[in-house]
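Take these sequences, add in the hints, and give me the full structure.
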Amino acid sequence: MDDKDLISGAEAVINALVENGVEVIFGYPGGAVLPLYDAIFQNKSLKHILVRHEQAAVHAAEGYARSTGKVGCVLVTSGPGATNAITGLTDALMDSIPVVCLSGQVPTHLIGTDAFQEADTTGISRPCTKHNYLVKNADLLCDVIHEAFDIASTGRPGPVLVDLPKDIQLTKIKYKQKSNKLQKMKPKPLSIDTQVISEVANLLINAKKPIIYGGGGLINSGPQASTLITQLVDLVDSPVTLTLMGLGAVPSNHKNFLGMLGMHGTYEANLAMHHCDVMINVGARFDDRVTGRLNAFSPNSKKIHIDIDKSSINKVVSVDYGIVGDCSEILKLLVEELKKLHNQKQIASKKSWWSQIDEWRKKDSLGFKQFGSAIKPQQAIKSLYQKTMNFDTYITTEVGQHQMWAAQYFGFSKPNHWMTSGGLGTMGYGLPSSVGVQIAHPKSLVIDISGEASFLMNMQELSTIVQYKLPVKIFILNNQWMGMVRQWQELNHGSRYSESYTESLPDFVLLAESFGIKGLRVEEFDKLESAIDEMISHKGPVIADIRVVKEENCFPMIPSGAAHNEMILGIDDKKNNTSEAGLALV
Amino acid sequence: MSVYQNNEVKEEETSRTLSLIVDNQPGTLARVIGLFSGRGYNIESLNVTEVDQKRNLSRISLVTRGTSMTIEQIKSQLLRIVPVRIVRDLTLEGPFIKSELALVKLVVEGANRVEALRIAGTFRARTLDVTLSSFIFELTGKPTKLDAFIDLMRSLGDTEISRTGVSAISRGNKTETKLLDQIQVN
Ligand SMILES: Cc1ncc(C[n+]2csc(CCOP(=O)(O)OP(=O)(O)O)c2C)c(N)n1
Ligand SMILES: [Mg+2]
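Taken in sequence, the protein lines are chains Y and V.
Residue 3 is where the first sequence starts when you use this note's numbering, and the numbers rise one by one after that.
Residue 7 is where the second sequence starts when you use this note's numbering, and the numbers rise one by one after that.
Rather than coming from a laboratory, the hints here were simulated on the basis of the structure.
This one's a predicted model, so the numbers in the text were calculated from it and none came from an experiment.
A hint or two may mislead.
Only pairs whose alpha carbons sit at most 30 Å apart, straight line, appear in this in silico DSSO-like list of lysine-lysine [stated by the list, open to error]:
1) Y/347 / Y/304
2) Y/365 / Y/389
3) V/184 / Y/304
4) Y/6 / Y/178
5) Y/6 / Y/180
6) Y/305 / Y/416
7) Y/174 / Y/384
8) V/16 / Y/304
9) V/111 / Y/180
10) V/104 / Y/317
11) Y/334 / V/104
12) Y/353 / Y/342
13) Y/384 / Y/445
14) V/16 / Y/305
15) Y/174 / V/60
16) Y/176 / V/60
17) V/180 / V/151
18) Y/471 / Y/46
19) Y/445 / Y/389
20) Y/445 / Y/352
21) V/60 / Y/178
22) Y/371 / Y/552
23) V/184 / Y/180
24) Y/541 / Y/471
25) Y/334 / Y/304
26) V/60 / Y/138
27) Y/210 / Y/347
28) Y/416 / Y/384
29) Y/305 / V/184
30) V/16 / Y/317
31) V/81 / Y/317
32) Y/6 / Y/210
33) V/151 / V/81
Now the structure itself:
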């Protein structure tokens with residue numbers, strides 16, 4: 003082999019990233035990744051975004067991935083760089099987001115000696131990655147990177163970590179292109195049983211009280227899944243509800259859309275789940291936030307579950323039909339079958355079902371009253387939605403009440419425009435995530451709907467936003483409380499507000515200004531809309547400190563340990579007694 | 007954390023023997039074990055060794071316990087692990103053989119030595135080591151047979167036990183060769 007054919011392991015890694023379609027990598031340097039940073043310095047086709055904390059690098063990559071459908075890419079150093087990334091990796095695992103994280107490692111001959119900045123990164127990250135590698139043989143380096151991208155993006159997507167000892171990065175190797183041999187063999191997923199598809203289609207046609215319940219799998223399956231689920235809804239004329247992760251898959255203004263379901267879902271969505279006779283779950287996982295008390299979950303329905311991950315089927319809810327596969331592929335078959343049946347059969351009347359649903363809708367479970375000058379947080383979101391609905395708007399959130407209000411009051415018309423930490427519920431997700439989204443969509447309007455406490459968790463990313471001139475809008479619903487914690491303490495712990503007040507808040511306007519960012523503060527309702535206008539029309543980043551009613555609670559709510567039909571609509575709701583068993587739930 | 011109420015319908019838990027084919031590489035076993043500890047399943051016995059050098063594959067024989075819903079979960083969770091190639095449920099597939107090897111050291115003097123040898127003979131244990139005050143026996147067979155033998159030995163004196171865990175294989179002429187042939191040799 004000619005010496006001039008040889009490149010360093012680090013260069014090979016960067017070439018492999020480019021070959022796998024990576025355009026942007028989010029990272030933070032350190033001793034163990036200096037050769038990789040050197041290779042990045044010399045590579046023109048890869049853009050590196052310097053975050054201010056490795057957790058933020060992963061969330062930024064998640065935002066990038068979720069809003070584009072591509073794999074997000076991360077680079078961190080050994081030891082503390084890798085351990086800082088762990089929360090992000092866990093977040094990506096829980097929400098099935100494709101991410102490849104490269105971490106530096108001490109040179110192979112020092113592994114196991116407690117060397118400076120050595121951590122057992124593959125050991126620590128094993129339970130929070132779909133798969134991980136420690137590359138100890140430079141000859142395998144290229145294959146491993148190629149494989150990492152395949153694993154992250156195929157099947158149920160997830161994070162993959164590749165740990166790269168420094169000596170491997172420096173070893174001279176020959177670059178190996180991605181071969182198109184298939185991913186390593188697994189017994190092929192069973193081909194989809196057409197008999198089952200036809201039975202399911204018949205069930206749907208004959209259902210008197212059907213419900214379609216969609217989740218994040220619809221988003222992961224690509225935009226065509228959203229089109230297909232909407233077709234399914236129309237063909238069956240069924241009500242449809244979406245999980246937190248699925249919002250956007252069906253346009254929120256679709257007449258059959260009942261809103262989000264689950265703990266803070268609408269009354270009509272949860273009651274329809276409870277009383278339906280046929281339930282079809284597409285790409286959701288019967289999460290505990292959705293089902294409420296399991297032994298009272300939708301007691302009288304036939305259940306169908308479509309999921310790409312076989313382990314999701316019958317994990318917590320036993321179903322009558324489990325179909326393993328990609329949502330789009332299965333929905334396509336189902337829609338075709340339904341169209342066929344439509345020509346042959348009378349579809350069961352859903353008149354009484356819809357009039358029942360209209361009764362539930364009349365409860366107006368998301369109703370609230372904006373009066374006086376104090377801003378209701380719900381109103382803040384509603385106004386934000388009205389002002390931004392004509393833009394190509396991407397929303398990220400942190401975690402807490404504001405997140406739920408965003409899910410309830412912001413309407414999503416398209417997939418991939420809503421980025422939130424659902425499974426792990428990571429405060430501090432939204433701001434870095436918005437960095438990734440804005441990088442991917444430089445021309446679009448990107449808003450982080452934030453809570454003041456969550457904002458403080460990753461606010462160092464303001465510096466990243468400034469460096470890359472990202473016009474992210476940070477819309478803080480400032481209630482001066484860890485509102486969601488305060489709410490649970492009010493409901494379940496006798497209003498003993500232990501450590502949930504956000505003391506010593508910064509002046510967000512001054513904080514913004516110290517970064518050279520525009521800061522806004524709104525305290526009165528009649529200034530809200532003009533402030534939102536000002537925020538949107540400003541070219542650069544903005545922090546909008548929206549002072550909202552402090553003690554507002556997020557309703558409706560299924561109290562922990564309760565069932566869908568036991569949901570409460572407000573604090574005075576008499577059913578509001580969390581059971582003994584419910585107190586132990588998270 | 008997802009905390010669910012206990013299901014009210016209680017199905018009897020049964021013992022199941024699983025047989026896995028996995029890549030023989032660092033981390034694979036850790037992932038398998040981590041799955042069981044992380045998700046609260048139990049491992050009653052586990053045994054692992056390379057069985058195919060060419061393809062670099064190991065077999066893990068694993069005995070676990072649970073309701074059929076739990077076992078189905080365990081199997082599909084195992085298949086999510088990238089280097090786990092094949093998951094077979096021997097208990098479900100049909101008749102299979104389960105065998106284990108035990109090494110039993112017995113410290114014994116006087117009259118009990120004769121008794122120990124007599125029992126070992128009855129069980130067809132091999133005597134691998136003898137001193138004036140001890141024996142080491144080797145016994146293979148069903149775990150229950152090993153249990154019985156070990157119990158008897160314990161009543162004769164101080165013992166030290168080493169067991170391999172169950173190794174299992176299905177009966178009859180069916181093999182995995184076709185499936186294994188699909189696995190690429192790297
Ligand atoms: C990293 C992390 N720590 C703790 C929690 C628990 N937690 C959930 S919501 C919440 C309060 C969030 O407060 P804020 O960001 O102000 O949002 P609000 O509920 O007031 O809208 C806390 C502490 C969490 N979800 N994530
Ligand atoms: Mg708050």
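Each hint, compared with the structure:
no.	hint	result
1	Y/347 / Y/304	holds (21 Å)
2	Y/365 / Y/389	holds (26 Å)
3	V/184 / Y/304	violated (38 Å)
4	Y/6 / Y/178	holds (15 Å)
5	Y/6 / Y/180	holds (21 Å)
6	Y/305 / Y/416	holds (27 Å)
7	Y/174 / Y/384	violated (58 Å)
8	V/16 / Y/304	holds (21 Å)
9	V/111 / Y/180	violated (55 Å)
10	V/104 / Y/317	holds (29 Å)
11	Y/334 / V/104	violated (46 Å)
12	Y/353 / Y/342	holds (23 Å)
13	Y/384 / Y/445	holds (23 Å)
14	V/16 / Y/305	holds (21 Å)
15	Y/174 / V/60	holds (28 Å)
16	Y/176 / V/60	holds (25 Å)
17	V/180 / V/151	holds (27 Å)
18	Y/471 / Y/46	holds (20 Å)
19	Y/445 / Y/389	holds (17 Å)
20	Y/445 / Y/352	violated (44 Å)
21	V/60 / Y/178	holds (23 Å)
22	Y/371 / Y/552	holds (15 Å)
23	V/184 / Y/180	holds (27 Å)
24	Y/541 / Y/471	holds (10 Å)
25	Y/334 / Y/304	holds (21 Å)
26	V/60 / Y/138	holds (20 Å)
27	Y/210 / Y/347	holds (14 Å)
28	Y/416 / Y/384	holds (18 Å)
29	Y/305 / V/184	violated (36 Å)
30	V/16 / Y/317	holds (15 Å)
31	V/81 / Y/317	holds (11 Å)
32	Y/6 / Y/210	violated (71 Å)
33	V/151 / V/81	holds (28 Å)
Hint violations for this structure: numbers 3, 7, 9, 11, 20, 29, 32, all remaining hints satisfied.
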